[in-house]
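Trainee: Please construct the entire structure, taking both the sequences and the accompanying hints into account.
Residue numbers (my numbering), protein chains in the order written: chain A, 2 to 472; chain B, 2 to 472; chain C, 2 to 472.
Quick caveat, the hints were computed from the structure, so don't treat them as lab data. Wrong hints could be hidden among the right ones.
Given that identical chains are not distinguished, each listed pair holds provided it fits within a single copy or across any two copies.
[What the hints assert, rightly or not] Here are the simulated SDA-like cross-link-like pairs (lysine to any residue), alpha carbons at most 20 Å apart as the crow flies:
#1 292 - 401
#2 32 - 382
#3 265 - 36
#4 231 - 407
#5 120 - 326
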Amino acid sequence: MKRFATVLLFFLSSLSLAWAGDEAPTVLSNKTAIDLVQSHADYVWTLVAAALVFFMQAGFAMVEAGFTRAKNTVNILMKNLMDFSMGTLAFWAVGFGIMFGATSTGWFGTSGFFLSDFKVGGDPWVLAFWMFQVVFAATAATIVSGAMAERTKFVGYLLYSAIISGLIYPVFGSWAWGSLFNGSGWLEKLGFIDFAGSTVVHSVGGWAALAGAIVLGPRMGKYTKDGKVKPILGHNMPLAALGVFILWLGWFGFNPGSTTAANKDIAMIFVNTNLAAAAGAILAMVTSWIKFGKAEVGMSLNGALAGLVAITSPCASVSPLSAVVIGAVGGILVVLSVLFFEKIKVDDPVGAISVHGVCGAWGTLAAGIFNIGGTSLKIIGVQLLGITAAFLWVFPAAFVMFKLIDKTVGLRVSPEEELEGLDITEHGGNAYPDFEVYSYGGTSASSSSSGIMTSSSSATMVSEPEHAGAS
Amino acid sequence: MKRFATVLLFFLSSLSLAWAGDEAPTVLSNKTAIDLVQSHADYVWTLVAAALVFFMQAGFAMVEAGFTRAKNTVNILMKNLMDFSMGTLAFWAVGFGIMFGATSTGWFGTSGFFLSDFKVGGDPWVLAFWMFQVVFAATAATIVSGAMAERTKFVGYLLYSAIISGLIYPVFGSWAWGSLFNGSGWLEKLGFIDFAGSTVVHSVGGWAALAGAIVLGPRMGKYTKDGKVKPILGHNMPLAALGVFILWLGWFGFNPGSTTAANKDIAMIFVNTNLAAAAGAILAMVTSWIKFGKAEVGMSLNGALAGLVAITSPCASVSPLSAVVIGAVGGILVVLSVLFFEKIKVDDPVGAISVHGVCGAWGTLAAGIFNIGGTSLKIIGVQLLGITAAFLWVFPAAFVMFKLIDKTVGLRVSPEEELEGLDITEHGGNAYPDFEVYSYGGTSASSSSSGIMTSSSSATMVSEPEHAGAS
Amino acid sequence: MKRFATVLLFFLSSLSLAWAGDEAPTVLSNKTAIDLVQSHADYVWTLVAAALVFFMQAGFAMVEAGFTRAKNTVNILMKNLMDFSMGTLAFWAVGFGIMFGATSTGWFGTSGFFLSDFKVGGDPWVLAFWMFQVVFAATAATIVSGAMAERTKFVGYLLYSAIISGLIYPVFGSWAWGSLFNGSGWLEKLGFIDFAGSTVVHSVGGWAALAGAIVLGPRMGKYTKDGKVKPILGHNMPLAALGVFILWLGWFGFNPGSTTAANKDIAMIFVNTNLAAAAGAILAMVTSWIKFGKAEVGMSLNGALAGLVAITSPCASVSPLSAVVIGAVGGILVVLSVLFFEKIKVDDPVGAISVHGVCGAWGTLAAGIFNIGGTSLKIIGVQLLGITAAFLWVFPAAFVMFKLIDKTVGLRVSPEEELEGLDITEHGGNAYPDFEVYSYGGTSASSSSSGIMTSSSSATMVSEPEHAGAS
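Mentor: Written out as structure tokens, the structure is:
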């Protein structure tokens, strides 16, 4: 009897709500109202994830600064700040339209430039989606800065940075992800699996980094006259470690955020992402221990990143146990790969080619092998095709681009500038003017300059060095 | 036929759910249930955004530490820690009630002190809203610490910090935002647009910073006897860059979180925020390149912040294209403004007055000019009125406050303390005791002290310097 | 009349939606659909909170690195990276099953190892819940690294790290929190209140830290021959401050995330967490000022953490005013406790025992005293029982574990290694090879090595020191 009354009440209250409500004219059907709340959750989740991925820029900046020398720190920070800033404008103007615009061919999109798909009062989903994608584009771009650190001319780097975000990255992206908005790519039609971008983002960045490192050549002093490797030490391990923790955090946006929807799938993606990173860090540490007799910090940090890159493609379609295996293999692979590239005289100061290029390829292959719904030669074949296509598009395109930059504005600084450090020569100031720093070169640190408001009076500065009294 | 059956099933299942459910006595109407889920999303979004804005405290601490000298690092860290801590308690006790309490006049609120609007078992929205607002209040407070760095007495700073969070900031806030809770301000009644606080937060902080810098006077050594500018270099660029990335991240809470609701509007706000920051960074870099011949890191970092401050007011009511323009102008403006204040001998070590005061005013004006729904002289007039009102309230109030502090507990340290560095004199220890640091002054770094558990045995320390063996 | 039409329209549109919808066969009842959206919000909130708690690892790494010497920085970073990585795998394999698996006794669970509770296609909640719990387990583990810093053998630490995450932590956890998944613990049955883990996480970590610090003994040079305390200074205060801000941020996941549901309760938890942290920081600063004559930075930073640890247990069940009191007492307590442990010659380089052990116990007691629903001797008795049970389980278990590690692989490095610094001896490289660092010992910093790709050529390095030209 009580229950019958409840039902009656329930019905009447619904009725009266609709009847008497101030908002009667805009009453939604319940289903529409529920969908609306779900869409609000989708917006919140996608944009919070985008914020986390944005923060990876800080992670890359810290890792790359930490793994290079103090005299090039301002330069690497500026590159990171600028490839995100340039990348944002380039992806807004051109890249997004190429990657996600309407396409008849499946090779690139041709609409939506300058966010013209968005009309005032229209559906703002394109804006949320753009925000999530722009931070991905910038990730691909920033991967390269580490591999080209300590010897690249700043103006050449700025040019590169606009081209990769505006053209090289979005073209491949349209092949694999175009259908996520209103395009449709040839590779995805074949069934290519790359959920969050082991290939689309990381290998693309990695192969561009490879091209850049080859065109530049090794840093001065990296190899002795008779070809032996000379270590060039990273100057700040707490920054590098902080960077890796920030990247790990950012990956909790990168991978599960790639659902671009608030749903239950994100749980497994979180777990797989975390397990692979942990396994990667441990296995890289163990491998470095075996190889060098010490638990090496640079390798261990890169091992965590290797696990993260490797799980990026398969994160939504493999079991947690597979995630551990995938991350562990990534951790071993990254150490061997770093040694390989060092041996063949490709000088990559931070190991970006190995972490992103090689482990990105591994992860994409692993998505085929460990597929939770079962695998087949066809699946693996398509994954290999996608991996190959990325290399065959990005490496030559980037190689030509870097050669062109080299012939025009210039790609590498002069030997004198390289010795002096790019901070002084390109940016007019050192990163740590209060400290005694060895790598600041023959010139005394006390004549260095940095910080804001300095350049306006550099003449004064030379004649009256700031630290003269103290040194 | 199948569809008819589905509808029937659908109806019957709803009925039976209500009928047989264990929870029958508390059955909600669907509309109420949907509203409840939406409100949960609102809570999550508002509080996650609050967490991001909180994190801006770390950003400010890193930027300010990076842009000042090593010998004053502990001091700037303590100021940042304490203005958030003092600000939290002051805003809880007094500020929130002034800003959002009930008001008959429209000039300040008079209820809700000590969160007394919240009753156990009552609607906890006041708590979520308070949490979002307290991190805004603390942002206004912390802006000032940078402009007053390297010469302010710590006890005087603590006093200031309670007064701005408890009084100066909330009074202006009540004029512009009072109606967000249960107040109502005279300025908002006129139609003043300041969505996320270019004026309410940033200009308020900036004008208080201007007052503080004027009352204090320049740091020793900033100007030569004949009035020329001498650069005083920031000591740690990676910290400064990290700080800017953290602030940029935090702004993804600051601006879109100001909806205090999980809805689709946040997408455009994210996009505008990001575009303006990118444009600001690029244009400031270009401006510094033209002015000084180098792509200056301090200016570029401040350019990103200038873009962010400028877009804070208009972020919800301008197009993405306008956001690019607004950010770009902010980036140019900040460089010119820094040089202007340097020239007129207002010594602002981190550029806070230019970034927050000047670009805050620009952004508020821009909200009128670029308004997506159209603009008019009236709209622009109201924006100018709001900008002016902020200056006319904050600058004199802060000036008087700083003068009073100066006359009582004291505002500036002695010349000896300033030379020695505030870390030793105010806090009993340096920030980097293991490093050779130039700015630690004539006394050897080996006699410095810092870290926990040090002060308890400072006598021992002087006679047995920690680093004696190594130096 | 208009309203009647609306109701009719409303009814008809619902009908037609169900009738004509493509998705007719899978139509959900509205109640089910609403529950689904709510569950999506729960997933998003719980996992975003987990990401914030994960980030606390970076916070601990920075705090511990900042509060110790430069020569042991790589080591502390590696410990932090590895206790999260080892902890992740150990908690996945064993810990989660012990803590949350089915139990008949209430003393430990026995199911769910290797996430075997999760079946493909099944409910993924176990994955979301696991993700939230693994970051808690790792927090307990990482607390210990600070107290054992600067003298622990790395391989011994790795062993410890697997054992606490896989065994010691989850056993106590099952007593207090087992019922959160499918277990049921004896302590929670008695009514023990520990909402987010002042005892379960922090005291457990703190008492393990106490055992470790006792078994290890103090660092060389911490006490003079005649027993006086000699300060050993932390080397990098900006890192320490950054770490505390990151931890404070992470706590906004730690405490409110412990709802593991998107609901309105999170608002009060946010507010209480923030108020307690602020009060803790201020009171610790004031206490240090009174005790030492200076506003000490290490104490103030630890005061914020003390407030956070203390409010962790009571955050959901006390008023904001009580939160201020609880945090303030924590802030005073931590200073006194640090001095106490220093006096009885328990050398805890970062104050972990005081922050987490002592203030964890205080917070758990406070949850009884300040309970918003009223308190009683019984409630306080149960809280004391839980506090005592934690100590009686963790301290002896950890003590035995550390003794066993000491007898087998070894727990403490040799005096020579301790003097040289663990970075060189355990990891083959220093943290800051470009800088003049005092604590790097008698050997010149120029012979140090660090960063990636270094170990492969250490022979070269010794004969051709990297910085020879510059030093």
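Trainee: At 20 Å max between alpha carbons, let me know whether residue 292 reaches residue 401 within a copy, between copies, both or neither.
Mentor: So residue 292 and residue 401 fail the 20 Å test inside a copy (37 Å) and across (33 Å) alike.
Trainee: Between copies, within a copy, both or neither: which fits residue 32 and residue 382 at Cα up to 20 Å?
Mentor: neither (43 Å within a copy, 45 Å between copies)
Trainee: Please sort residue 231 with residue 407 into within, between, both or neither, judging by C-alpha distance up to 20 Å.
Mentor: The answer is neither: 26 Å in one copy and 38 Å across copies each exceed 20 Å.
Trainee: At most 20 Å between alpha carbons: which applies to residue 265 and residue 36, within, between, both or neither?
Mentor: Both: 16 Å inside a chain and 13 Å across chains, each within 20 Å.
Trainee: Could you place residue 120 and residue 326 in one of the four classes (within, between, both, neither) given a Cα distance threshold of 20 Å?
Mentor: Between. Shortest inter-copy distance 18 Å satisfies the 20 Å Cα cut-off; intra-copy 46 Å does not.
The structure is inconsistent with the numbered hints 1, 2, 4, although it conforms to all the rest.
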